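Since the structure of chain A is already known, use the hints to place chains B, C, D, E, F, G and H on it.
There are 8 protein chains.
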Amino acid sequence: MSFQVYLSGEIHTDWRDEIRRGVEAAGLDVVLTSPVTDHDASDAAGDHLGEEREGFWRDHRSSKVNAIRTRTLIAASDLVVVRFGDKYKQWNAAFDAGYCAALGKPYVTLHSEEIVHPLKEVDAEAMAWARTTDQVVKILEHVLRES
Amino acid sequence: MSFQVYLSGEIHTDWRDEIRRGVEAAGLDVVLTSPVTDHDASDAAGDHLGEEREGFWRDHRSSKVNAIRTRTLIAASDLVVVRFGDKYKQWNAAFDAGYCAALGKPYVTLHSEEIVHPLKEVDAEAMAWARTTDQVVKILEHVLRES
Amino acid sequence: MSFQVYLSGEIHTDWRDEIRRGVEAAGLDVVLTSPVTDHDASDAAGDHLGEEREGFWRDHRSSKVNAIRTRTLIAASDLVVVRFGDKYKQWNAAFDAGYCAALGKPYVTLHSEEIVHPLKEVDAEAMAWARTTDQVVKILEHVLRES
Amino acid sequence: MSFQVYLSGEIHTDWRDEIRRGVEAAGLDVVLTSPVTDHDASDAAGDHLGEEREGFWRDHRSSKVNAIRTRTLIAASDLVVVRFGDKYKQWNAAFDAGYCAALGKPYVTLHSEEIVHPLKEVDAEAMAWARTTDQVVKILEHVLRES
Amino acid sequence: MSFQVYLSGEIHTDWRDEIRRGVEAAGLDVVLTSPVTDHDASDAAGDHLGEEREGFWRDHRSSKVNAIRTRTLIAASDLVVVRFGDKYKQWNAAFDAGYCAALGKPYVTLHSEEIVHPLKEVDAEAMAWARTTDQVVKILEHVLRES
Amino acid sequence: MSFQVYLSGEIHTDWRDEIRRGVEAAGLDVVLTSPVTDHDASDAAGDHLGEEREGFWRDHRSSKVNAIRTRTLIAASDLVVVRFGDKYKQWNAAFDAGYCAALGKPYVTLHSEEIVHPLKEVDAEAMAWARTTDQVVKILEHVLRES
Amino acid sequence: MSFQVYLSGEIHTDWRDEIRRGVEAAGLDVVLTSPVTDHDASDAAGDHLGEEREGFWRDHRSSKVNAIRTRTLIAASDLVVVRFGDKYKQWNAAFDAGYCAALGKPYVTLHSEEIVHPLKEVDAEAMAWARTTDQVVKILEHVLRES
Amino acid sequence: MSFQVYLSGEIHTDWRDEIRRGVEAAGLDVVLTSPVTDHDASDAAGDHLGEEREGFWRDHRSSKVNAIRTRTLIAASDLVVVRFGDKYKQWNAAFDAGYCAALGKPYVTLHSEEIVHPLKEVDAEAMAWARTTDQVVKILEHVLRES
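First to last, the protein sequences are chains A, B, C, D, E, F, G and H. So for the first sequence, my numbering puts the first residue at 1; every next one is plus one. So for the second sequence, my numbering puts the first residue at 1; every next one is plus one. So for the third sequence, my numbering puts the first residue at 1; every next one is plus one. So for the fourth sequence, my numbering puts the first residue at 1; every next one is plus one. So for the fifth sequence, my numbering puts the first residue at 1; every next one is plus one. So for the sixth sequence, my numbering puts the first residue at 1; every next one is plus one. So for the seventh sequence, my numbering puts the first residue at 1; every next one is plus one. So for the eighth sequence, my numbering puts the first residue at 1; every next one is plus one.
Keep in mind that a hint or two might mislead.
Computed cross-link-like contacts, DSSO-like style, restricted to lysine-lysine with a CA-CA straight-line distance of at most 30 Å [as the list claims (entries may be wrong)]:
no., chain 1, residue 1, chain 2, residue 2
1, G, K105, E, K105
2, C, K105, F, K105
3, A, K87, B, K89
4, D, K89, C, K89
5, F, K105, H, K105
6, H, K105, H, K87
7, B, K138, B, K87
8, C, K138, C, K105
Think of the hints as simulated: they come from the structure by calculation, not from any bench. As the structure is a prediction and not an experimental result, all values here were calculated from the model.
This is chain A alone, in the form it adopts within the complex:
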């Protein structure tokens, strides 16, 4: 049994690598995908389409180019992990969670206990709330075990 898992959200810590290492250590048949996590590259995704003076439109253009990738990867995944850090707004992570909810695509959240209350609507639709990347790997181990 194999699984494709999309890793959405926070790009300032190395949680994706932790999951990748855990998945490898556990010998799971999992393909991990993600958005472009190089912050500058992501912000500049549309810059080659022409000069843009307005910040709003620069963001708009880049977000849409990035969305070509994220939409396709979310659609192709069996599970989405949505990571919220404590510091940033990460509205895009909550957006992805809502997007998954409407599609009926299973997702799990990954965040600390401190932000349980503001994330209550997001967690309410999730298949699980994990506090650590190790817990995410354990979920995958269970889901993919020999029956």
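Frame of chain A; chains B, C, D, E, F, G and H shown alone:
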């Protein structure tokens, strides 16, 4: 021509009343709906279902009871307005936007210029970005005008 | 704000009437619907279509005639309440819950604490678990309150 | 021609192995999948996510983790076999059947004659009712035969 | 409780009127709809669009104009009755049945015992097979009864 | 029987009024809807959202505000009429036709014989090609006639 | 470029073999699938499920077992060819055409000129009407050609 | 990461080859597909189905045969590029864009600055507007980069 509009997001300012007054002043045939905006009532939506010691599960229960309302109202609306204030995380607002995006339900965002960058993915799927409630009313006026 | 609620499941106690009385007492704008709850009439729903010696086919025919009603009412409802008694198998109730889950139609379960464990998959997709009909009415009161 | 078949329901007898052996003996190109059938592992699927005092929430958490697997496998299958034993409530099996019905996913039921009446709604939507695992294998043989 | 029922198929006997009279006699809250049943008007539905020498294209044009009506009425109906007479090919009736099946729209068939075998695939997806218009009315009575 | 018809496309001639007069003369129960047909108002639909130096973004903003209206009206209509004049590019009309085709929403085209060839893909998915507004009214008369 | 094509309908002539030979001669990358075309095997598809005295139920059971195969193959195909002979009723072929139409699955019909009129609704939704198997192969050649 | 990209629209310049060369030069794992771009072959796609005197029906037949290919390729693609030249009407390109929009299939447009205004509705739903084939390749490079 009539329209049903769901007002999602921030519950700490009176932006919903401003839109309501604007819609009435303009004589538009618009039905405005919203989540339960009484903060305490919303947090306590599931409390009558039994005592709950864990904050996570209390939130979980209340969020799901609230979702019975919000899902139905979003599904019934012709347009969703998603409001982001500058202070709070409002992940539920971003979640609703993602939910609308996946359903193909048109939404407009309402927020200040300061938070354009963190909202870029949410704005990218929106039909418009408004800075003021007056602009939202003007959008409705245009959309509902005699052809 | 008005709501249509389909009452699925157990037909041996008067839980539907309790909800009906509660809804009326609370003055809620709710339309309650249900399957044919006259047990004999339900079992005989297809009998006029011709004599049938085999029990399996008699059941088959009647179930399908009943399904014309239940499918339409579930599709038209904003919320489904699924009631499990302690005594009977009520696989049709669990079937309706799974049907709702796949459609993304919100449902709440109504059952005693004794059967929490065997109902865990059904409850996992529910928007709430209520122990009493009074709790169901309270959910409706919250969902339908002035915002 | 190849087929993926999900085996849902009862986990207390070895009916899955019987089908597996029958499929192999018949040389069919069939991939068989199933939920986690180790009862304790299934009940404990969410235990690594943190201590949980309440039985309801422990069940809730585990059911959702298990659902990540079952939803994906049901979606990927060409046919679902839903097995009901005589002893247990197996509401999850009926839930899976309803879930399949709403998705238009073909399923067959596997159960004894004694429980035909309480399963009538579940059987009414099924593509076939089989009494023995041998009959299930025969269905697969027919479905997969050279035309 | 009210129902909209589309009456598809044979146009050479007065079975639609029989159902209409039965529905009225039983005092059912049912709206009956149908295709254009005036044979010549149906065949000529596209003739005003210009002269057409080829029989195939004349049929093609008229069928598509008629389909504007039938598609809309099928989509709006709660139940479809598909009538097969013994004499004609009535491929359009079988087409409507397949169309309903793929949409998950419930339908019942109405035909004599003589043509059970050639209609087996059509009947297999139907909610009921009625031999007489009186049986169709009885199905509606059951479906619409006070619960 | 009543119908809602959306009139898409060309805004430089009075074809919408011709259909409106024809529908009234024929006494049909038809609600006609349309995009904002005041050319300047349509182009300026987003101008109140802030100054915009770039023509592309001004167009972008206005198109999206207009789309709030058109998407909702197309979704609510039973039939769409797509009008192509001989002079302009009217890519928005062809866009609406493609949009309808993917949704399975029936549409008819209205255009002269001169542009049959470049419109062949658009006409191939249409339910009819009309040359005159009178023919459109005749289609509606047929579709809405007493059966 | 490769294609999967389901060959639906008539089982009394060797039209499927003609297409198979044509496809091979043309060197096309096409996988051809079909229902069980052995007439007796198809009629007996459900016989191993137990004795059945009633012809209607025997047909019912076999049709549903056959449908496990046909539904899956239709869903997996890029194109469906629906063949109508002159002699038989072939309501199952028209049923498959309607099923495809509702799913938006492209199909072509294959039949003689004599039955154009009774097939007008079926042809109206088809992507092409072919008179000979050679024409079907030519369609596939065109569809699969190097661009 | 791999991608399938459908290249829709203009067939009079070699823009498809430019993209193909750019994709190869960049070493991207991209499969490019397209409609039949041989103009005469496309117009004659249905000619082998029989003589046809009327231009409208000849076009109709050929368009539908071509649509068997285009529908399948659009459905299978991760991204669609829609090219508009300055000279021709290319209503089929705008039709494809509308078709993608309704399906939620991401597309980018490729056209010069001169036709920004008439394409505003088409661009409003696009993920990006590119002026050169080189920009399209750069979008693909970004979308497919190692995260």
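Consistency of the hints with the structure:
1. G:K105 / E:K105: Distance ~18 Å between K105 (chain G) and K105 (chain E) Cα, so the pair holds.
2. C:K105 / F:K105: holds, 24 Å
3. A:K87 / B:K89: Within the cut-off at roughly 10 Å; holds.
4. D:K89 / C:K89: holds, 6 Å
5. F:K105 / H:K105: Given that 30 Å is the threshold and the Cα spacing comes to 18 Å, the pair holds.
6. H:K105 / H:K87: holds, 27 Å
7. B:K138 / B:K87: It holds: about 26 Å lies between the C-alpha atoms, which stays within 30 Å.
8. C:K138 / C:K105: The hint holds at about 20 Å.
Checked against the numbered hints above, the structure violates none of them.
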